[in-house]
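Taken in order, these protein sequences are the chains called X and Y.
Residues 1 to 188 (my numbering) are what the first sequence spells out, left to right.
Residues 189 to 274 (my numbering) are what the second sequence spells out, left to right.
Because the hints were derived from the structure by calculation, they are not lab data.
Just to be clear, a hint being listed does not mean it is correct.
[Unchecked claim] A few chain X positions that, by computed beta-carbon distances, are all more than 10 Å from chain Y:
1) G61
2) M79
3) Q143
4) V155
[Unchecked claim] Residues from chain X that face chain Y, not an exhaustive set, calculated with beta carbons under 8 Å:
5) L19
6) S33
7) D142
8) S147
9) S162
10) R166
Everything numeric in this text was worked out from a predicted model, so none of it was measured.
Just so it is clear, CB atoms sit at the ideal spot from N, CA and C, and this is done for glycine as well.
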Amino acid sequence: MHESEPSEATDVQAQNFRLYVEPEIEVLLRVASTLTNPSDAEDLVQETLVRAWRSVDRFDGRHPRAWLLTILRNTNMNMHRRRRPDTVADISDFVSTRPAFGVDPPGTEDEVMTSILSDDLELAVQSLDPKFRTALLLIDVDQLTYSEAAKVLGVPVGTVMSRLSRARARVRRHLRPTFVAATGKGTA
Amino acid sequence: MMLTCHWSGRRIQRYLDADPAAPLDVDEIRRLEAHLAMCERCKAAENEFRQINTALSRWAVHTIPDQKSVEHVRHFLDRLTSGDGT
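So here's chain X without its partners, still in its complex pose (with noise of 0.2 Å):
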């Protein structure tokens, strides 16, 4: 990996370069593991800084966090040019069995029918069509708003939207049997 400055990096560039990354570094590393594997994820974020960094100057300072996954979305496709950008690693990586420090535990009723839906809802993700997972891991896992997840994606807000609710509905109806074995009720 190779240094590289802006044109006439100061100490406020430096400063506020790292005022724009520092509150980030999570999430990029977060996406990054959607969009790679937790493996490539650090090398990919680091990537996505130095390039970052070399453009620091043309950035207007607003909306940091889509800025940097604007350039994190370019740096993985330059660096897996033959994976596409819209697609996502092993989805056993979003269901090991790491335990669960710093989030807060679902109401009991939520737990249990979580526990119910586990493993069925890894083969509904599984199943689906990587453009569409990857939708839906970005903002239901990892978080991001529809504007967060269409610069991951290179793609607009509603095709963003589009996916989502395509990805749900699928996932939806693989789990009809599911549902209905617990509440007993046939839905639409």
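Got chain X; can you put chain Y on it based on the hints?
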């Protein structure tokens, strides 16, 4: 009722997400909530989408970055902005 179910079905996810890029307006929310209060099928759909969302949000625990990775990136950022080379 069929038309209202169709209308509602196209808005339930936006209603649950409340995303700033695609908010429902006040009238849409009022109309949707009124429909959900009286339509068992659409209410069930809302519940199911909500449960799927809850279950997926639990996966977030597996994508929380390792603190070591966060620290690595922080140190990298230090080196990058101080021109120390990487």
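Do the hints match the structure? See the list:
1. G61: 16 Å, holds
2. M79: Its Cβ never comes within 10 Å of chain Y, the nearest being 16 Å, so this holds.
3. Q143: The claim breaks: X:Q143 does not keep its Cβ more than 10 Å from every Cβ of chain Y (closest is about 7 Å).
4. V155: Nearest chain Y Cβ is 13 Å from X:V155, so the label holds.
5. L19: Cβ of X:L19 sits 11 Å from chain Y, so the hint is violated.
6. S33: Hint on X:S33: holds, closest Cβ of chain Y at ~6 Å, below 8 Å.
7. D142: 6 Å, holds
8. S147: At about 5 Å, which falls below the 8 Å cut-off, the nearest Cβ of chain Y leaves the hint on X:S147 intact, so it holds.
9. S162: 11 Å, violated
10. R166: Violated - the Cβ of X:R166 stays beyond 8 Å from chain Y, reaching only about 10 Å at its closest.
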